[in-house]
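Chains Y, P, L and U are the protein sequences, given in the same order. Counting along the first sequence from 1, when you hit position 25 you're at 25 in full-length UniProt numbering, and nothing is skipped either side. Counting along the second sequence from 1, when you hit position 18 you're at 18 in full-length UniProt numbering, and nothing is skipped either side. Counting along the third sequence from 1, when you hit position 64 you're at 64 in full-length UniProt numbering, and nothing is skipped either side. Counting along the fourth sequence from 1, when you hit position 151 you're at 151 in full-length UniProt numbering, and nothing is skipped either side.
Source of the hints: derived by calculation from the structure; they are not laboratory data. Take the hints with a grain of salt, since some may be wrong.
Copies of the same chain are indistinguishable here, so a pair counts whether it falls within one copy or spans any two.
In silico BS3-like links for lysine-lysine, alpha-carbon gap of 25 Å or less [what the hints assert, rightly or not]:
#1 K151 <-> K171
#2 K125 <-> K171
#3 K149 <-> K194
#4 K171 <-> K149
#5 K35 <-> K171
#6 K194 <-> K125
#7 K32 <-> K51
4 protein chains.
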Amino acid sequence: MENKAKPKYKLILDAAVEVIAENGYHHSQVSKIAKKAGVADGTIYLYFKNKEDILVSLFEEKMGQFVSKIKEEIERIEKADEKLYKLIEMHFRQLSEDPSLAIVTQLELRQSNKRLRFEINEVLKDYLALMDDILEGGMKDGTFQAQLKVKLVRQVLFGTLDEVVTNWVMKEQRYDLVDQARDVHYLIYNGLRKHN
Amino acid sequence: MENKAKPKYKLILDAAVEVIAENGYHHSQVSKIAKKAGVADGTIYLYFKNKEDILVSLFEEKMGQFVSKIKEEIERIEKADEKLYKLIEMHFRQLSEDPSLAIVTQLELRQSNKRLRFEINEVLKDYLALMDDILEGGMKDGTFQAQLKVKLVRQVLFGTLDEVVTNWVMKEQRYDLVDQARDVHYLIYNGLRKHN
Amino acid sequence: MENKAKPKYKLILDAAVEVIAENGYHHSQVSKIAKKAGVADGTIYLYFKNKEDILVSLFEEKMGQFVSKIKEEIERIEKADEKLYKLIEMHFRQLSEDPSLAIVTQLELRQSNKRLRFEINEVLKDYLALMDDILEGGMKDGTFQAQLKVKLVRQVLFGTLDEVVTNWVMKEQRYDLVDQARDVHYLIYNGLRKHN
Amino acid sequence: MENKAKPKYKLILDAAVEVIAENGYHHSQVSKIAKKAGVADGTIYLYFKNKEDILVSLFEEKMGQFVSKIKEEIERIEKADEKLYKLIEMHFRQLSEDPSLAIVTQLELRQSNKRLRFEINEVLKDYLALMDDILEGGMKDGTFQAQLKVKLVRQVLFGTLDEVVTNWVMKEQRYDLVDQARDVHYLIYNGLRKHN
DNA sequence: GATGAATGAGAGTTCATTCAT
DNA sequence: GATGAATGAACTCTCATTCAT
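Could you put together the complete structure from these sequences and hints?
Listed below in structure tokens is the structure:
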């Protein structure tokens, strides 16, 4: 078992992603997650307050890593439009590489109640702030138009990425998601850059 | 009572929108909808196969009207970029004018299970086809670039509209949604048009 | 079935008394009560808010009848000491005639939590008030000493009755409870009456 | 820490009384008692067979002391009616001085199941025997009537004391319990003594 | 067509107890 | 002797759907 080494906390979160991706949010009983994780039902509650807490933690954990990785790569890049491209490309790449996670974030987690979705939004703020940074950087250095409304542009960007990924998931991942990055970047960048 | 005239079918759908907007998807029991509609629980099942059918019907009905109205307006317009603007503006306007419906479509209906969401997507196809028409028209007459990937652009457009409306709903509709139409159109159009 | 005539509400309460007397408070699941009553589990919740509500209702219903019957008999009697005797005799007689109820009130219901016990005490107030009436009547007409502390005497009386019945229940009802009435009355009355 | 000296056995029993008085019987988990006692959960099971055993031991220990103290005092007294008074007074005094214990014995321990209550009754036998001794002594020496039924009188006495203390606990100990001793003794003694 | 009382399957969570260290 | 992480059985309540009237 590769599980011997992993702490139970991680073990349970990974099991949750798999179980939810397989069975859907509403058919993912705690007992199923426990079984997949190889622990007793009660053990779950030593690490999580309740079922919802598993989901929030799952999202925090995975989204945290997701954003960190993008941040890391972007810091090495100078130009705003290249940063933008990198963000798009890595957004697609990371979800591409973990299809279970993609199913969970794009479809299943949205079935949670409003309160949980607000908590999820809280976690997303970090990501949105990263987008704002790129946009503001580009506006300053002249890559993008100066009078853009950052909050609105960020909604265009996030909405686009989210929809493109959701589409890919609902089409059962039958095409390559990362391939879309170039075109998406072109459309968005064209919308933002200066034109003569 | 204004309800005397309305057929029970409509009565129930309207009640469903109100109940879901007020209580949230997961607290909208069939009995609550029946009460609000002024009919017995059992009566619901004379008009709808099951609870899910209420939701699908609700979406079909409302979305049907939603799309028809936009179609109607757009047919009168010649230029592709103006059609595009009209679509954006009316998308925002219609949801602006029916906040209960906005809450239901943007937040509550997404809590339904995957199967229901596939059915909802089915209903959306008509709307997406309309977008495709506008885009293809613009590509033909030279308003937009000729080599655009329609399916992808449609995702950018729909994803953007959806995100902007969702944002507005989650911000508790504290600002004017229709005011955003001009800027959103500018960004999208800029992404699509020819540049010298 | 003799049950056809009875309304479900009564049916459930009667079933509850039997089930609790047989299995003890902590082994009386709602499903057991439903089965004994011949209804579905869910039906219970059409008539009672929750499990605790069954118990409170049970106590209110049974205790209400219990006290009414005693009241009725006592009204016909003039002398305070005879009223006192009647109360004691009927207290014993009624519990004697419904051993299941005796088990439930003397042993099982006391296992409920503090909150429920406060509600039960509320129901008892009527009975205690009846005791007060008898005592005050006797103090006025010279049957009992005039300077008695009614609240304390009532505790002596109730505590005594309660203990004697509990003893009888715990001794598995191997002797006749009503036979004790004469002696208990003698002891209590002796404690209260005037002495030369 | 004053606890260093105390053996774990005592430490756990004292913790149990406090925890139960504070939280109520049903919210007094073994882990809470362990924490209060400053030992690990598992340690409890080195000293007690199971949770119930804690409660029985608690009652044996405390009740043993309770009865011994009363016995001790009573041996010094000659007259039966004075012995009776002493018993009443000390019953009240001891519970008065340890309100946590009073809550536990009068309210919380009664929520235990029937089997535990039989075991508790076993422990009480010693106390009841002491009452019997006083009563029989008084019957012999002419203080009390000769034809009293000792077992019944003992129920009157115990039932009275128990109810008076319970009342005091439920009234949140807002008055002085020991003050009641004189009146209670008067009522009981009057019921027992010879009258001319 | 309309009613609404009755149904019964289904799941999150607690906590006494164990046992490897 | 002492620890405390892990176990897993057990139970209330909700609500979509049915069907006799």
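Tested hints:
1. When the C-alpha separation of K151 and K171 is checked against a cutoff of 25 Å, the pair qualifies only between copies, where the shortest distance is 13 Å, while the shortest distance within a copy is 30 Å.
2. Taking the shortest Cα distances, K125 and K171 sit within 25 Å of each other only across copies (14 Å), while inside one copy they are farther apart (28 Å).
3. Proximity of K149 and K194 under a CA criterion of 25 Å is satisfied in both settings, with 14 Å inside one chain copy and 23 Å between copies.
4. With identical chains, the CA atoms of K171 and K149 are at most 25 Å apart between copies only, with a shortest distance of 17 Å across copies and 33 Å within one.
5. Proximity of K35 and K171 under a CA criterion of 25 Å is satisfied in neither setting, with 30 Å inside one chain copy and 39 Å between copies.
6. Within a single copy, K194 and K125 get their C-alpha atoms no closer than 28 Å, and across copies no closer than 34 Å, so neither meets the 25 Å cut-off.
7. Taking the shortest Cα distances, K32 and K51 sit within 25 Å of each other both inside one copy (12 Å) and across copies (24 Å).
Hint compliance for this structure: hints 5 and 6 are not met, and every other hint is.
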